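K.L.:
Keeping their order, the protein sequence lines are chains U and R. Residue numbering for the first sequence follows the working numbering, starting at 1 and increasing by one per position. Residue numbering for the second sequence follows the working numbering, starting at 1 and increasing by one per position.
Hint data in this document are derived by calculation from the structure and do not stem from the laboratory. Quantities reported herein were computed from a predicted structural model and do not represent experimental measurements. Fair warning: there could be bad hints in the mix.
Stated by the list, open to error - Taking beta-carbon pairs under 8 Å as the criterion, some of the chain R residues facing chain U (in silico):
#: 1; residue: Thr25
#: 2; residue: Val27
#: 3; residue: Thr28
#: 4; residue: Glu31
#: 5; residue: Leu33
#: 6; residue: Arg35
#: 7; residue: Val40
#: 8; residue: Pro41
#: 9; residue: Thr42
#: 10; residue: Gly279
#: 11; residue: Thr304
What the hints assert, rightly or not - Stretch by stretch, here's where chain R covers chain U in the computed footprint (C-beta under 8 Å, at least three residues):
#: 12; stretch: 86-98
#: 13; stretch: 121-128
Every residue, glycine too, gets a C-beta built ideally from N, C-alpha and C.
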Amino acid sequence: MNIKAKIIDQEGMNRTLTRLAHEILERNKGTKNLVLIGMRTRGEFISRRLLEKIREIDHSEPPYGVLDITLYRDDFRKRLKQPQVSVTNITFDINEKDVILIDDVLYTGRTVRSALDALMDLGRPSTIQLCVLVDRGHRELPIRADFIGKNIPTSFNEEVKVKMKEIDDEDAVYLIDISKE
Amino acid sequence: MPLSSRHLLGLQGVPKEDIQLILDTAVTFREVLERPIKKVPTLQGKTIVNLFFENSTRTRISFELAQKRLSADTINFSTSTSSTKKGETFKDTVKNIEAMKVDMIVVRHASAGVPQFLTRISNANIINAGDGAHEHPTQALLDMYSIREKFGRLEGLKVCIVGDIAHSRVALSNIFGLKAMGAHVSLCGPATMIPRDIEKLGVKVIHDIDEAIRENDVLNVLRIQLERQAGALFPSLREYHNYFGITSERLEKNGRDIVILHPGPINRGVEISSEVADGPYQIILDQVTNGVAVRMAVLYLLGTLNKADGR
Numbered sequence: 001m002n003i004k005a006k007i008i009d010q011e012g013m014n015r016t017l018t019r020l021a022h023e024i025l026e027r028n029k030g031t032k033n034l035v036l037i038g039m040r041t042r043g044e045f046i047s048r049r050l051l052e053k054i055r056e057i058d059h060s061e062p063p064y065g066v067l068d069i070t071l072y073r074d075d076f077r078k079r080l081k082q083p084q085v086s087v088t089n090i091t092f093d094i095n096e097k098d099v100i101l102i103d104d105v106l107y108t109g110r111t112v113r114s115a116l117d118a119l120m121d122l123g124r125p126s127t128i129q130l131c132v133l134v135d136r137g138h139r140e141l142p143i144r145a146d147f148i149g150k151n152i153p154t155s156f157n158e159e160v161k162v163k164m165k166e167i168d169d170e171d172a173v174y175l176i177d178i179s180k181e
Numbered sequence: 001m002p003l004s005s006r007h008l009l010g011l012q013g014v015p016k017e018d019i020q021l022i023l024d025t026a027v028t029f030r031e032v033l034e035r036p037i038k039k040v041p042t043l044q045g046k047t048i049v050n051l052f053f054e055n056s057t058r059t060r061i062s063f064e065l066a067q068k069r070l071s072a073d074t075i076n077f078s079t080s081t082s083s084t085k086k087g088e089t090f091k092d093t094v095k096n097i098e099a100m101k102v103d104m105i106v107v108r109h110a111s112a113g114v115p116q117f118l119t120r121i122s123n124a125n126i127i128n129a130g131d132g133a134h135e136h137p138t139q140a141l142l143d144m145y146s147i148r149e150k151f152g153r154l155e156g157l158k159v160c161i162v163g164d165i166a167h168s169r170v171a172l173s174n175i176f177g178l179k180a181m182g183a184h185v186s187l188c189g190p191a192t193m194i195p196r197d198i199e200k201l202g203v204k205v206i207h208d209i210d211e212a213i214r215e216n217d218v219l220n221v222l223r224i225q226l227e228r229q230a231g232a233l234f235p236s237l238r239e240y241h242n243y244f245g246i247t248s249e250r251l252e253k254n255g256r257d258i259v260i261l262h263p264g265p266i267n268r269g270v271e272i273s274s275e276v277a278d279g280p281y282q283i284i285l286d287q288v289t290n291g292v293a294v295r296m297a298v299l300y301l302l303g304t305l306n307k308a309d310g311r
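This is chain U alone, in the form it adopts within the complex (with noise of 0.2 Å):
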């Protein structure tokens, strides 16, 4: 891994995630109407993290669940392997609901396209409200989130890359430079 920098750190992190939490409490003044989506596999982790500020902050508990998009992505005939799927894992019904899709990286967009077809297959909510922790631009789709945790402009030879302690061995964000690799 060629990395540039370290954009954000520990703390850096924990800073940012507490100014999301309070941007869609704020936005959505509480968290009455409010369910929280995370993506797989590192929008999970980010949605429990905001979950817990949340209940710090507010002290509500919105439902929260996990989205798995595999199913709807149309670039698996591009790629060179086959993708595995996981479960999604929504107990609620999203039917009139203000949710928070929640991812960690917005790039090109497909993604949270085929996100959102996802979400319309399980019911009609009021609203979706995107959430990421960085956005990198290059878009390819018009699509663009509501909260932002810190825009990272990049070049296409660079990658973000997430850190999380749950599945990572650290909290971190990385600018990698992939025109070497």
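Based on the hints, put chain R in the right spot on chain U.
P.N.:
Frame of chain U, contents of chain R only:
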């Protein structure tokens, strides 16, 4: 890791990892079946033909439903309405269907080896939906899925297959699959229905149904194929029921919890009593639901397999 083969012809020789992958993937599709919209766009643009040269209700419907829920385009072919009646050969029929650019073929045929033969004359992914008395891999996979769902594991479980083993493709696929997953397999039925030297496959043969109930965690009760050979292999259906039929008295007498599977259609009062077929031990209807999920998993894994992957 992708599947190691681009066809599903049977479970003989299929590695444990492949079976594990299919069963794990089916868990995802089981979840899809519980959604308000039970459909995903995964196989959009893929064309699948169901070639059924032998009658089938549940397997064909289950496959068709699985394909539709993955958004594939499906064509159904059955001999009764096809040009095979006009004398067209099997090979020509397949070649013509292939020329219509199909991606996958699900085939059922009364002759063993037809799916294997298809792999030589077609470029499509071939899925065996039952070939003669040879194999019926998706049925065995859904049986294994249902057992795993009930017990949380397959390894170390004791499973007894009861009935007409000699004429059963379900039995053979189950033996191969369960053995690969580390289960202990035994067979129970009249001597006339147990193939000679079957022990070579690493299975135990029991001729006493009470012993089978006492010794096992699961009974997979096969259908007596009335239309094929019933009369010749045992004196009467009543006698078969008396000696090998699963009844609630028998289950109570041998006093233990047991899980009962049946691939259907059930001959009530022959291999299984109505009371048992509708009772607390059976998971027969779970098998039917799980069948759709397992077939979705197989179609998904083969349909998304890169041409470079798998043999």
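K.L.:
For the hint on Thr25/R, just tell me whether its beta-carbon gets within less than 8 Å of chain U.
P.N.:
holds (6 Å)
K.L.:
Identify whether the interface hint at Arg35/R stands, where standing means a beta carbon of chain U within less than 8 Å of its own.
P.N.:
Where the cut-off is 8 Å and the nearest Cβ of chain U is about 6 Å from Arg35/R, the hint holds.
K.L.:
Report holds or violated for the interface hint on Thr42/R, using the least CB-CB distance to chain U and a cut-off of 8 Å.
P.N.:
holds (5 Å)
K.L.:
Regarding the hint that Thr304/R lies at the interface with chain U, is the smallest CB-CB distance below 8 Å?
P.N.:
Status holds, d = 5 Å.
K.L.:
Given Pro41/R as an interface hint, is its Cβ closer than 8 Å to any Cβ of chain U?
P.N.:
holds (6 Å)
K.L.:
Tell me if the interface restraint on Val40/R is satisfied: Cβ within less than 8 Å of some Cβ in chain U.
P.N.:
Nearest chain U Cβ about 4 Å off; hint holds.
K.L.:
How about the stretch 86-98 of chain U: do at least three of its residues have a C-beta closer than 8 Å to a C-beta of chain R?
P.N.:
holds (count 4)
K.L.:
Holds or violated: is there a CB of chain U closer than 8 Å to the CB of Leu33/R?
P.N.:
violated (12 Å)
K.L.:
Is the interface hint satisfied for Thr28/R? The criterion is a beta-carbon contact with chain U at less than 8 Å.
P.N.:
With a minimum Cβ separation of about 4 Å from chain U (threshold 8 Å), the hint on Thr28/R holds.
K.L.:
Counting residues of the stretch 121-128 of chain U that have a beta-carbon nearer than 8 Å to any beta-carbon of chain R, does the count reach 3?
P.N.:
holds (count 3)
K.L.:
Do the numbers back the hint for Gly279/R, that is, is its least Cβ distance to chain U under 8 Å?
P.N.:
Nearest chain U Cβ about 30 Å off; hint violated.
K.L.:
Hold the hint about Val27/R up to the distance rule: shortest CB distance to chain U must be less than 8 Å.
P.N.:
holds (6 Å)
Of the numbered hints given earlier, the model fails hints 5 and 10; all others are met.
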